[in-house]
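In our numbering, the protein residues as written are 1 to 101.
Hints are computed from structural coordinates only; laboratory data are not their basis.
Hints may contain errors.
To be verified - Simulated pairs of lysine-lysine, PhoX-like, Cα-Cα distance not exceeding 20 Å: (1) K53 x K25; (2) K39 x K25; (3) K11 x K34; (4) K53 x K34; (5) K11 x K38; (6) K25 x K45; (7) K45 x K11.
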Amino acid sequence: MTHVAIEAEHKCHHPEWSNVYNRVKVLLTTHDVKGLSKKDIDLAKYIDNISAKNHMADDQEEGDFQDVLTKETIMHWMLLYALFGRKDRCCSCGPAQSCYY
Numbered sequence: 001m002t003h004v005a006i007e008a009e010h011k012c013h014h015p016e017w018s019n020v021y022n023r024v025k026v027l028l029t030t031h032d033v034k035g036l037s038k039k040d041i042d043l044a045k046y047i048d049n050i051s052a053k054n055h056m057a058d059d060q061e062e063g064d065f066q067d068v069l070t071k072e073t074i075m076h077w078m079l080l081y082a083l084f085g086r087k088d089r090c091c092s093c094g095p096a097q098s099c100y101y
């Protein structure tokens, strides 16, 4: 979810999603076109690629993968905070009021 959230912020595209235990539901839609857009399709492809990589990583030793993921995740969140952590903006899109959450 972290990788997808970072990509969504980078692309200024905010999916609706929920996470319960080991399942994630993602709703991709573009509000200004009232349906699917290229942004939705591109993000869906990204999600598929990340999911496939995570399934391949399941075959690795669990500890090795978790160590790398933890360091990478921390670095990504630190970067996001540095770039978008100001109170007047929720992301790279602009003022918080312009984002659909």
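Do the hints match the structure? See the list:
no.	hint	in the structure
1	K53 x K25	18 Å, holds
2	K39 x K25	18 Å, holds
3	K11 x K34	18 Å, holds
4	K53 x K34	31 Å, violated
5	K11 x K38	11 Å, holds
6	K25 x K45	15 Å, holds
7	K45 x K11	13 Å, holds
Hint check: a violation occurs at hint 4 only; the rest are consistent with the structure.
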